[in-house]
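The listed protein sequences derive, respectively, from chains A and B. Residue numbering for the first sequence is 0 to 428, as defined by numbering that gives the first Met the number 0. Residue numbering for the second sequence is 0 to 423, as defined by numbering that gives the first Met the number 0.
Please keep in mind that the hints were generated in silico from the structure rather than gathered at the bench. Honestly, I wouldn't trust all of these hints.
The following label-pair restraints were derived from C-beta to C-beta distances [claimed, not checked]:
id	chain 1	residue 1	chain 2	residue 2	range
1	B	His243	A	Leu123	42 to 52 angstroms
2	A	Phe28	B	Ser259	51 to 61 angstroms
3	B	Ser259	A	Val334	38 to 48 angstroms
4	A	Val51	B	His243	51 to 61 angstroms
5	B	Val220	A	Gly365	54 to 64 angstroms
6	B	His243	A	Phe25	55 to 65 angstroms
7	A	Leu121	B	Trp138	47 to 57 angstroms
8	A	Ala344	B	His243	37 to 47 angstroms
9	A	Ala271	B	Gly310	16 to 26 angstroms
Take a look, some chain B residues computed to stay more than 10 angstroms from chain A by CB distance [as the list claims (entries may be wrong)]:
id	residue
10	Thr45
11	Glu46
12	Asp63
13	Leu101
14	Gly108
15	Thr112
16	His146
17	Phe157
18	Leu160
19	Gly161
20	Phe164
21	Pro258
22	Ala302
23	Val345
24	Ala369
25	Ser382
Which residues of chain B face chain A? A few of them, derived with a C-beta cut under 10 angstroms, are [unchecked claim]:
id	residue
26	Leu76
27	Ile78
28	Glu104
29	Ala106
30	Ala127
31	Pro130
32	Cys168
33	Leu169
Backbone N, C-alpha and C fix where the C-beta goes; we use that ideal spot for every residue, glycine too.
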Amino acid sequence: MASDRGVRPVRLTIADDLRRNRATVFFRFLLALPLMVWLVVWAVGAFVVAVVNWGATLVLGRSPSSLHRFLARFVRYATHAFAYLNLAAGPFPGFLGRPGYPIDLEIDQPERQNRWSVACRLVLAVPAMLLVAVLAGYGANIYSALNSRVGLSTVLSMAAFLGWFSALARGRMPRGLRDLAAYGLSYGAQLWAYLLLLTDRYPSSDPLKAIGPLPVRNAPVRLEAGGDLRRSRLTVFFRVLLALPHLVWLTLWGILAVGAAIINWFATLIRATPPRAIHRLLAAYLRYQAHVTAYLFLIGNPFPGFTGSEGTYPVELHVDGPQRQNRWTVLFRLVLVVPAFFILAVYNLLLTVVALLGWFASLITGRMPTDLRNAGALVVGYLAQTYAYLLIVTDTYPNSGPAEPRPAPAFPRQPLPIRAPAAPPPVPV
Amino acid sequence: MAAGATAGMAEVRATAPGWFRRPTTYLLLCGAALWAWAAHALWASTETAPVSGPHLDAGRYFGDSFLDRSATYSHFLEIESLLGMVVLLVVLVLYARHGHRLMRESAAGRIGTGMLLGMLGFGVVWLASVPFGLVAVWWQRRYGVSHQGYVQWLIDSFVGLGGTFLFICLALLVTIGLAGVLRRWWWVVAAPVLVGIALLYTFASPYLITSTSPLRTPQLVADARALEREKGLSGTRLEVEEVHRFTTAPNAEAAGFGPSRTVVLWDTLLDGRFRRAEVRAVLGHELSHLAHNDPLKGVGWAALFLIPAWGLIALLTRGRGGMARPEAVPVALLVLVALQLVTTPVLNAVSRRQEAAADWSALAATHEPAAARSLQRRLAITSLSEPDPSPLSSFLFGTHPTALERIALTYTWEERNLGSSHVR
Numbered sequence: 000m001a002s003d004r005g006v007r008p009v010r011l012t013i014a015d016d017l018r019r020n021r022a023t024v025f026f027r028f029l030l031a032l033p034l035m036v037w038l039v040v041w042a043v044g045a046f047v048v049a050v051v052n053w054g055a056t057l058v059l060g061r062s063p064s065s066l067h068r069f070l071a072r073f074v075r076y077a078t079h080a081f082a083y084l085n086l087a088a089g090p091f092p093g094f095l096g097r098p099g100y101p102i103d104l105e106i107d108q109p110e111r112q113n114r115w116s117v118a119c120r121l122v123l124a125v126p127a128m129l130l131v132a133v134l135a136g137y138g139a140n141i142y143s144a145l146n147s148r149v150g151l152s153t154v155l156s157m158a159a160f161l162g163w164f165s166a167l168a169r170g171r172m173p174r175g176l177r178d179l180a181a182y183g184l185s186y187g188a189q190l191w192a193y194l195l196l197l198t199d200r201y202p203s204s205d206p207l208k209a210i211g212p213l214p215v216r217n218a219p220v221r222l223e224a225g226g227d228l229r230r231s232r233l234t235v236f237f238r239v240l241l242a243l244p245h246l247v248w249l250t251l252w253g254i255l256a257v258g259a260a261i262i263n264w265f266a267t268l269i270r271a272t273p274p275r276a277i278h279r280l281l282a283a284y285l286r287y288q289a290h291v292t293a294y295l296f297l298i299g300n301p302f303p304g305f306t307g308s309e310g311t312y313p314v315e316l317h318v319d320g321p322q323r324q325n326r327w328t329v330l331f332r333l334v335l336v337v338p339a340f341f342i343l344a345v346y347n348l349l350l351t352v353v354a355l356l357g358w359f360a361s362l363i364t365g366r367m368p369t370d371l372r373n374a375g376a377l378v379v380g381y382l383a384q385t386y387a388y389l390l391i392v393t394d395t396y397p398n399s400g401p402a403e404p405r406p407a408p409a410f411p412r413q414p415l416p417i418r419a420p421a422a423p424p425p426v427p428v
Numbered sequence: 000m001a002a003g004a005t006a007g008m009a010e011v012r013a014t015a016p017g018w019f020r021r022p023t024t025y026l027l028l029c030g031a032a033l034w035a036w037a038a039h040a041l042w043a044s045t046e047t048a049p050v051s052g053p054h055l056d057a058g059r060y061f062g063d064s065f066l067d068r069s070a071t072y073s074h075f076l077e078i079e080s081l082l083g084m085v086v087l088l089v090v091l092v093l094y095a096r097h098g099h100r101l102m103r104e105s106a107a108g109r110i111g112t113g114m115l116l117g118m119l120g121f122g123v124v125w126l127a128s129v130p131f132g133l134v135a136v137w138w139q140r141r142y143g144v145s146h147q148g149y150v151q152w153l154i155d156s157f158v159g160l161g162g163t164f165l166f167i168c169l170a171l172l173v174t175i176g177l178a179g180v181l182r183r184w185w186w187v188v189a190a191p192v193l194v195g196i197a198l199l200y201t202f203a204s205p206y207l208i209t210s211t212s213p214l215r216t217p218q219l220v221a222d223a224r225a226l227e228r229e230k231g232l233s234g235t236r237l238e239v240e241e242v243h244r245f246t247t248a249p250n251a252e253a254a255g256f257g258p259s260r261t262v263v264l265w266d267t268l269l270d271g272r273f274r275r276a277e278v279r280a281v282l283g284h285e286l287s288h289l290a291h292n293d294p295l296k297g298v299g300w301a302a303l304f305l306i307p308a309w310g311l312i313a314l315l316t317r318g319r320g321g322m323a324r325p326e327a328v329p330v331a332l333l334v335l336v337a338l339q340l341v342t343t344p345v346l347n348a349v350s351r352r353q354e355a356a357a358d359w360s361a362l363a364a365t366h367e368p369a370a371a372r373s374l375q376r377r378l379a380i381t382s383l384s385e386p387d388p389s390p391l392s393s394f395l396f397g398t399h400p401t402a403l404e405r406i407a408l409t410y411t412w413e414e415r416n417l418g419s420s421h422v423r
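Could you put together the complete structure from these sequences and hints?
The following block contains the structure:
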């Protein structure tokens, strides 16, 4: 997963120590009210300035410095306010959008922009608006914050919702949830910067480009999204139908996996370590699930095999061998996994939007955009981690935020020969 | 003398061509004889309805304007259908030549890759057929036979393709899996397995029809039960399928066998346009199909054509390494579809014979030839089907006797059983 982090004109920086004051967490929604009211007032002014800026940028080919500064400050303030509201940051932010907040935004000076892109900015932003609707609500605006119906259907607000309980209990925001919220904030800020003509760089949904230094996770279940981005238009067009036999097989295998997981639960409760044979079966199931999900949602290109064998698919799931697990977490696994499924619910929305946009992009260009592929891979990886936790394959809790994957060997590309020179060795289904 | 005969046989063998001396030749000859016997038995198992009836003047029954209108309507659809078949074959020929290149889109083993190629083959065929399907919808809408929207048709058609994909995957799983084990003789085992799947599908098909609900009209249920007893049946499921959102054309079907035996009436048949006696005639017809075990015979006919078809596929895919290799799948699809097109007129003839027998049997159960006549006339008018199409049209497309033939059949029955006929 290549990344051009650090060269984007709008960058989210994080200097947050994860500590949270329980009192301010408890009253966070009410404490943020004045910030939101001020944001509404500021938004009215920003709208007028944005219209002027649009005309000026169309004529001059770049945004005038004074207007750019005003709008950049507005976007920065909105990011601070929403970071505070959604528990991505601890301290109460200032009202002027000055730099220096723990979750901050760096916006480059105005640069020359393509006039066609400026003229059609609202239309061009439609795909990004679809994504932001899932990542942060409609542009991380006040409406989504105050509307509870929309609220919990976004990645940002779900991170805040779960983080609220955790921060109240432990006085700290979990790193994964904070990074997840930052991912949503970053995308929202990029979209606003794009809409307000602060940059003509299209918002990037790549989680690896969204925030500053990412943690390198040494998780026992990790996804490696390799392979090229080329997509066959024919298989993209029929992707849902082509995945049908896999979905049927996955369902049948899922029934077997549930049975195996129940045995695994008893065995791990007694021995503290999952039996190797069951672990291997469940790992194969998880790998197959990852292959099928990646194929269905266009994260991977080739039609996957039916066995979930390791090293057979470019979007590969690596599952470490059975490790000793805490018996208490095994006993209460069904309860403990519930928050992860909350995250998974919004992540699934994200995956659907990614697939929808990727479907159009792949049909038109024959390639899956890197950003969309990586956003989808984040979800597929989380899905695998969650199920691995649920099925007692590991007791490492799923990490909800983006993380640098541990380096793994490259995918060995072994396509079937077009014409077999001699009788080939039998390959399993 | 015996020694002389033996010597003579040996001489014949020595001078005969190579293929004549192979045991395979004799096996195939035995197979062909067995096939012919089974086909004859299956054909003869359907009771014969009188094929010749009184000559009727279509104009007197339907009016000249309807005849013109239905002829225009049908001819367009027939020409469009023929064009569609040509395009289908061209697409499949191209796919057979180049389809194997799509193997690079697979990371699966040979069976998975074969499934992908099979699905994509049908996908390409679907793409090529979409324009023809849309034109047909346009034509049907223009004549008021259908009011299905174009987008709705596209969605329904696409979803239906999913069912085809699943079926082809199952068929290829059996085929490629067995070909990997049995090599050249895979089809001998694969054909019975696939026939078994077809049998299972026929049994389950009534449960796969969506948008159905039980028939609730008490008089019609009573009529159906009475006809059932007449036919020696019991416990037949009576369902109504909701289709009025898409079409105004009436229809009905008999599906399943044994405990899954079902008669499905389209709700367009129950919207008040048809009298009770006419619906009774429909029920009698469909129950006759079930009494004659026509769904099972359909599987029998499919088996008769599938077994040699599979053998031919095994032969023609050898150039691609045989059916054990996924690259043979596009060729197999071409052969299968081409065979299907070639055998369609034969299967149409079988179908026409079964339909005529069901008509005759229904008349014996209802004793209402006048209602049957009126039903056939009304069916033709509401479906805008040509009452007396050309023999070529019947040969290529006719799955049922023509409306005029079916009306003539009622007069024949009347004459033979009631001793009077009032042919007009």
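Query raised in the report: Looking at the structure, which of the earlier hints fail to hold?
Result: Result: hints 7, 9, 13, 14, 15, 17, 18, 19, 20, 26, 27, 30, 31 break, sorted rising.
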